[in-house]
Structures are given as C-alpha cells and as structure tokens.
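A.B. asks: Here are the chains, one letter per residue:
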Amino acid sequence: MFGLIKTWKALEARGIMGINRRNADYVLKYNKRNLYPIVDDKIITKERALAAGIHVPEMYGVIETEKQIDKLDEIIGGRSDFVIKPAQGAGGDGILVIADRFEDRYRTVSGKIISHEEIEHQISSILTGLYSLGGHRDRALIEYRVTPDQIFKSISYEGVPDIRIIVLMGYPVMAMLRLPTRQSGGKANLHQGAIGVGVDLATGVTLRGTWLNKIISKHPDTTNAVDGVQLPNWDGFMKLAANCYELCGLGYIGVDMVLDQDKGPLILELNARPGLNIQIANDCGLTQRTHAIEAHIEMLAKEGRSEDAEQRVKVAQGLFGHVVPH
Amino acid sequence: MRSLTLHLKVLITVLVLLGVAITAYQIFALGIPVTEDETDDLWNIDAKVEFVASSKDPVKVQMFVPPLNRDYVSLNESFISNNYGVSINRADGNRKVTWSARRASGNQTLYYRLVLTKRYSTEKTKIKGPTFRDSQAVEGPEKIAAEALMAPIRQHSADVETFVGETIKRVNNLNDDNVKLLLAGDTSSMKKAQVIDLLLSIAHVPLEKVHTIRLVADTPQTPELWLRSFNGNDWLYFNPDTGEQGLPNDRLLWWTGDDNLISVDGGKKASVTFSMNNSEMNAIRLAKLTDENTDADFLEYSLYGLPLQTQQTFMIMVMIPIGVLVILVLRNLIGIQTLGTFTPVLIALAFRETQLGFGIVLFTVITALGLSLRSYLEHLKLQMLPRLSVVLTFVVVLIAAISLFSHKLGLERGLSVALFPMVILTMTIERLSITWEERGGGHAMKVAIGTLFAASLAHLLMTVPEAVYFVFTFPAVLLILVGFMLAMGRYRGYRLTELVRFKAFLKKADA
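Top line first, the protein sequences correspond to chains A and B. Counted from 1, the first sequence has number 283 at position 284 by numbering that gives the first Met the number 0; the numbering is strictly sequential. Counted from 1, the second sequence has number 371 at position 372 by numbering that gives the first Met the number 0; the numbering is strictly sequential.
Everything hinted at is true.
Not the full set, but computed from the structure, chain A residues with beta-carbon under 10 Å of chain B:
#1 K5
#2 A9
#3 I18
#4 R20
#5 R21
#6 E117
#7 L129
#8 H190
#9 G192
#10 K213
#11 L275
#12 N276
#13 Q278
#14 I279
Cβ-to-Cβ under 8 Å is the rule here; a few derived chain A residues that face chain B:
#15 L3
#16 T6
#17 I15
#18 A23
#19 T127
#20 N212
Simulated from the structure, these hints should not be mistaken for laboratory data. Quick reminder that beta carbons are idealized off the backbone N, C-alpha and C, glycines included.
This is chain A alone, in the form it adopts within the complex:
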C-alpha cells in the first residue's frame, strides 16, 4: 500500500499521463464527438488530406457493396503491389498487403500465396464489419503500398515502420518511431508487440525504445541499436503532423506517418485516442509537455495572436527538443 502511494507520487512528479487524465483532460476536452468520423474513417481522412494538399498514399479505389467486389480487377489494374484496408478498422486488423502477383495468384508481404477468391472473401469480411469498430458495415479501401525507406532496414523486422506524433492543438508534443517485430507479425501496434522508439522533436534523432512496457535500446529481432538513428526529412514529418489539426479539427490526436522510399513522408491515419506508451519510449511524461503547450496557447490568446503550422513546429521544437540522452 505504502509502495503504491510512493509509485503514484513518483509518476505524478514526472508528469506521466494516465488513461483517466488523457480521457478527461484531453480527449473529451479537445476532441468534438461530431468530428470523430473524420479520423475513424480512413477514406474521409484521405479525402480531407488530399483537399488540404497533404501527402497521403494514393487511393486506387473503394469497394462499398458486395456487387462492387467484381470491380476489384478493374481497380487494381496492372499493379502488382497494393494494400486492402477496412476504412474503419482498428489496430491494424484486416489489412492485407499484397507484395507481388503472378498469374492469378498473389503473394502477401509475409510470403503467403493466396488466391483471388481469398482476397474477395477478405473484402467481403471487411464489408460485413468484421474489423470495424462496433461491427458496423464498412467499406474496403485499396491503396498504394508504401515501401519503407532503406534507413529502417537494419532496425525493423518485416512490415512498415511508422512514425507517431502526438499533436495538441496543432503543436507536436511527442514523437515515436514504431518498429514491427517478429512478435507483432509485421504490425506497428505496440500492444501487439511492436517496439516504440522515442524521437527528439528538434533533431529527429531516435532515443531509446519501449517493448512490452519495458525500456530497451536494441531491436529484439535484429539486435541492432535503435537509438541514435537520424530520421531523414524530420522537419517534413513535423510540419505534416502540425497541419493535421487544421485537417480534422480535433485538438488531441496521434498522427501516424510513414516514410516512403519514393514519395517521402505520407500520412497513414489519425487517431483520436492515442496510446500512452509513447511516454515510456521517450522516457518522459506527456502531462508536462501538454501543460507547457496549454500555457503557450493561453499566452497567445491573451496577445490575440495565432500561429501557423511552421511557427507551431518551431515552438514545440524549442520547448521539447534537444533531449539530453540518459
């Protein structure tokens, strides 16, 4: 009992955010319910992003009804690699990544050979709402397959590593690189066993990481060090994330981005309830940073000013960047 109180006090002192605080002070306060569909439906997110001139993976087509499944061939065209996703999927479920195609068979990114019928069944499952939040009917999205930048080759196992930046009212507050592992099955979700690696907001250099709630500094599959890696085009990521506030109107979001070999930083999806493990990856509490941003916004409001995305990135980098490595 005494130990628990001590733990509580220590966590509080370090500004670690708990689920209750995240929900009460940030998600409920900054995220309007009626804006949720923008982030929950990947197709709407994509349309909004395109309208705002923000880079996203190209959308080949959308399948809304069982009848339209017949149009799959038409949508794919001559492409040999593509991704099929449920529009309202959660946690990376139901995503089918096709890496290659020969005759009428397809090879997934993990090397499994599947037939055209199996793909159609997968789409049908998506449409019935098997993967959607709350089991509603859903739409299937067929889009460009991201090829991760070579920089990640040494520190990731299969899959596509992505970058998650938490954005409060347009100000990036914390960033993390998510690396798939053998255990996560190529998925970049931390609760499925992926690694989260903290990123310095100012420089884009990786810090140490978290794996299954523990602090680590090496990738468990490749045993390469995950810290000290310079992510390319970091300011591009930061600006992309900061722009998402105008894109969706939600005040507290997690922006998931990838670095494509050819197309550079792309937005994958937005999350209205970003997880809290990013704190372990960065070895830093979110509450301190969000309070600093809230104070900054209050100051701006008093002066009657507002800042654009570029200025916001500068402010955030000035406040939280250049972390002294432990």
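With the hints as your guide, set chain B onto chain A.
C.D. replies: Below, chain B alone, put in the same frame as chain A:
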C-alpha cells in the same frame, strides 16, 4: 472549463445532499427501520370477563375498551362471545363495548382481544382539553381542612404542573391532620384521587382520572389509576400515590373518568382479568399492517406500495446501479479490463439464477466450448451474422444438454441454467474470440478472468440482503451513487494497474 467544474461540483453536492436528506427524512422523521432485522413489539391483550348471570333477567354487560387515539394503533380487535349481541359506542373520549343477551344463566365468560402496536408516525394530533372547571361544593370541617391545605400549595407552585404535583405530595402526607380528615381513614389510591380532585376543583384546575394497563407480558394485573390535567397544550399525567409526573411508555390508556371498568345488568360477581403477551414482527411488515389500519400512509409512495410481484423485480433492479458502480470502480480506479462495459453486470444478474460457484463453472464451460466452435467456424469463412446465429444456437443446444444431463444425474441445479441469458453468453463468446484474434490468447484470458472477477464481485455485492433492503427501502441512496459516479466522471488520477504499467520510469529514477 472552470465553470463546468463548478457546475459539476454544485450538481454533485445537490444530488448527495438530496439523497442524504431524503434518506434521513425516511429514517428519522418517518421512523422507517434501517435494517430488515429490526422488529417491533406487537402486543396481544386479552381481557377475560367472567360473571354469573341470573336466569330471570336479560343480561347487559358494559366494559370500557381502549380508545386508541394516542400512541398506539390497533391491528386487530375482536369480541368473542356466544349468543351475545355486541355493540361499541364512543362517549367522552372513551370507547365502550356492550354485550347483551335476552337470556343467559350460570357462569358466563366473554373475551375481548386486542392486537396493537406503537404508532409509527410521530406527528402529533391536536389535543383538546378543558382548562377550567367549577368548584365542587364542600361544607363544614372538610371546607376548613381543604382551605388549610390549599394555602401552602398555592405558595409553593407556579403553574398547573407544579400545582398538581404539590397537591399530590400534600395529600400523600398521611401525618397531616387535614389530610387525615379528608381521607376519613381510607388510604386507597381511589380515595386519594378523590381528595386531590376536590382540592384541585377548589382552585378550578381540571383533573381527570385515567385508568391504564401496563404492557408487560405474563403478569396478571388490574388497571392502574393515574391523574391527568390539561395545561393548554398537552395532558400532564401524575401518579396519585407518588406525585411522579409523566406516563411511562409502557402504559396503555384504557379509559378515563370515575366509572368502573365493567358494569353488569342482570348478573353478579363480575370480574375482568387481563393477560397479555408480546410477539415480534418484521418492522416493515408491521408498518404495512399499520398502514392498512390507519389513515397514515407513509409507505404509500415508497416501492412497498407496488404489487408484490413488481416489488421483487424492483429489488433486483435497484441493485443494478450498485453492480454498475462496482464495474466503474474496477475499470476506472483499479484498471481491470473487462469485456464490454456492462457485460459483467449482466453476467452478475445471471449468477442470481445459478448461484455463484455453479455459475462460474457453467460460464467457463460454455464459453470454452463456444470458443472452440467459434475457432472452427473461423475456418469456414462465414459472414458475421450467420456465424453469430450458429454460435447462439450452439449455446442453446449446449445449455439444453447440460440441463438434461444434470437432471438425469439428479442435480436440480442444472435446470436453473435455462435462465442463464443465452444472448449474453453468445456475445461474450464472440467478443472474446475477436479479442483473442486481435490481441492474442494471453490478453483474451486476462479479459475473460477480469470479466468473471468483476461479475462475481458485482454479484456478491448485489445480493447482500442488508444492502438490497436498504436500497429498496431508501431509493434516494441511488442519488448519492449518481453523485459519486459524476465525480468519477472527472477523475484523472492513475489507475492501479497503470502504476505497474509505468514501472519502467521508476527503475530509471532509482538507478
């Protein structure tokens, strides 16, 4: 944000205060017992009337019975008599029963039985009484003696209360010559009361003789004489022998006035013997009986006013918020993961039918079998709705099979299964299997155990008989619960499991 917080605080305060106030009103003002075990005394009084009838004349027996207008309420009253006509009439605040028969002979026995209890409601009815009366005429030496006694009494008293008290004290001083003269050698209570009456009448102070019965079980007794005087607001009771003021709580007022308890025409050797015993009765049931016998209906607007069948449903329903509260605490304070939000409450309700231990076994078995079916169906690549239908049907068949087997084995417990909500089980299986696929078996087990634990705890708390009684009788308690839930709505501290989850930070700090 700040105004919202203030708004919330005010709302919580209002709800909690309202809940506490209503409950306190019910407990203290209406006197509704706090626990079900609380019982009230129920008095059973028998008055046995015996006399010898003379065969020539018609018989008419008159006896006073309690007027029951003060602290007691009658639940049942009966007059047991063969061949006698019975009538009751009220006069001067007394009630009198008249038994009459044209012809009777030999020893006669009549019974009067009264079942009564203390009145629940404490509200006072307006009491009226005389405050003035004319003096009784006295002549000669008695007048001198009375006046001699009056002088010091007047000096030593300030109001009606002290005046009466002082008078009784003087009259009980048997060495006083004036008193001796007035009593004329008779020192019985009755004679003393007469003298007191005389003295007070000279001072125009009203006085009534009150005949009471003591509510004590299994002791034979005769009516005890008390005196009472009205002071403008209330009756003041005095013991004629000791001057002691105030009627003890166990006295039941039987009749007032100078008349005898019983008068018999056409008979002789009349005697009345009292016997009484008390029994205890569940306070709420007693209150309901009381309600039926009086106009006071304080239970009318409580849940006890509902038909019995509905009451039983409500006894379960009012406990659901308690179960929900358990889930709320487990999820938001402790951080235990459960399937869905209120699934554990529904499972807890199902445990009512099956008992806890058996329910857990049943739940585990059916869910495990259902999960294996579900994973088999997964290979068939079925769509969601057909798959769910298959699982539901399988659950029904499984429950039927369990019921049949246990019946054949002579375990009646198995039959209660039929009421175990099948849809809840089906949804549990479906959700659990999705969790299994998405988050892996370990996580699914964790969630399943969390759900079972939450359901068991909710079930245990929801079936505590004292709690059920309390919430059912004082539903305003739910307002207090709502206040707590509202407060939880803005709780932003850590969950207990988060302290473990973020332990990595601490190791750092120590190193």
